[in-house]
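Student: Model the full assembly from the supplied sequences, consistent with the hints where possible.
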Amino acid sequence: MSAGDAARNAARLVARHGETMVLKRASEATTITLKGKRLVGSTVDVGGSAVQQEFRVKIGTSELSSSAWMSKAPARHDSIVVDGRERSILDVRPLGDAGTVALYELLVAG
Numbered sequence: 001m002s003a004g005d006a007a008r009n010a011a012r013l014v015a016r017h018g019e020t021m022v023l024k025r026a027s028e029a030t031t032i033t034l035k036g037k038r039l040v041g042s043t044v045d046v047g048g049s050a051v052q053q054e055f056r057v058k059i060g061t062s063e064l065s066s067s068a069w070m071s072k073a074p075a076r077h078d079s080i081v082v083d084g085r086e087r088s089i090l091d092v093r094p095l096g097d098a099g100t101v102a103l104y105e106l107l108v109a110g
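If you're matching positions, the sequence shown starts at 1 in the working numbering and goes up one per residue.
Please keep in mind that the hints were generated in silico from the structure rather than gathered at the bench.
One or more of the hints may lead you astray.
Said to hold, decoys possible - Below, a list of computed lysine to any residue pairs in the SDA-like style, where the Cα atoms sit at most 20 Å apart: (1) K35 - E105; (2) K72 - D91; (3) K35 - A11; (4) K24 - S79; (5) K24 - E105; (6) K24 - D97; (7) K72 - S88; (8) K72 - R93; (9) K24 - R87.
Tutor: This is the structure in structure tokens:
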């Protein structure tokens, strides 16, 4: 299986089993609607009696590649709307094969 095949298979799985999300960046005029797969996370104490959810989301690359955004990858400090709630992206990890990024794994909180 080539790296291109791996990327297509990963994107197909996210598209089939994912939910609709919206990626936002302060410096961009447009948002990107995409499919993402939310993974089980946890709650984190943020002080006093306040807690926030923290979890990982896997997204494909096709919507990013075809977007009008200057940078075709998600970045820390972007935000993503999941289940109708805007959440901060704390970390981005590209996942791929042979130098081809197939998915991005995002650590999100909020």
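Student: Next, verify each hint and record whether it holds.
Tutor: Consistency of the hints with the structure:
1. K35 - E105: holds, 13 Å
2. K72 - D91: With Cα atoms ~16 Å apart, K72 and D91 stay inside 20 Å; holds.
3. K35 - A11: At roughly 9 Å apart (the allowed maximum being 20 Å), A11 and K35 satisfy the hint.
4. K24 - S79: With a Cα-Cα distance of about 5 Å, the restraint between K24 and S79 holds, given a limit of 20 Å.
5. K24 - E105: Between K24 and E105 the Cα gap is close to 16 Å, so the pair holds against 20 Å.
6. K24 - D97: Violated. K24 to D97 sits at ~27 Å, over the 20 Å cutoff.
7. K72 - S88: Holds, at about 18 Å.
8. K72 - R93: holds, 14 Å
9. K24 - R87: holds, 10 Å
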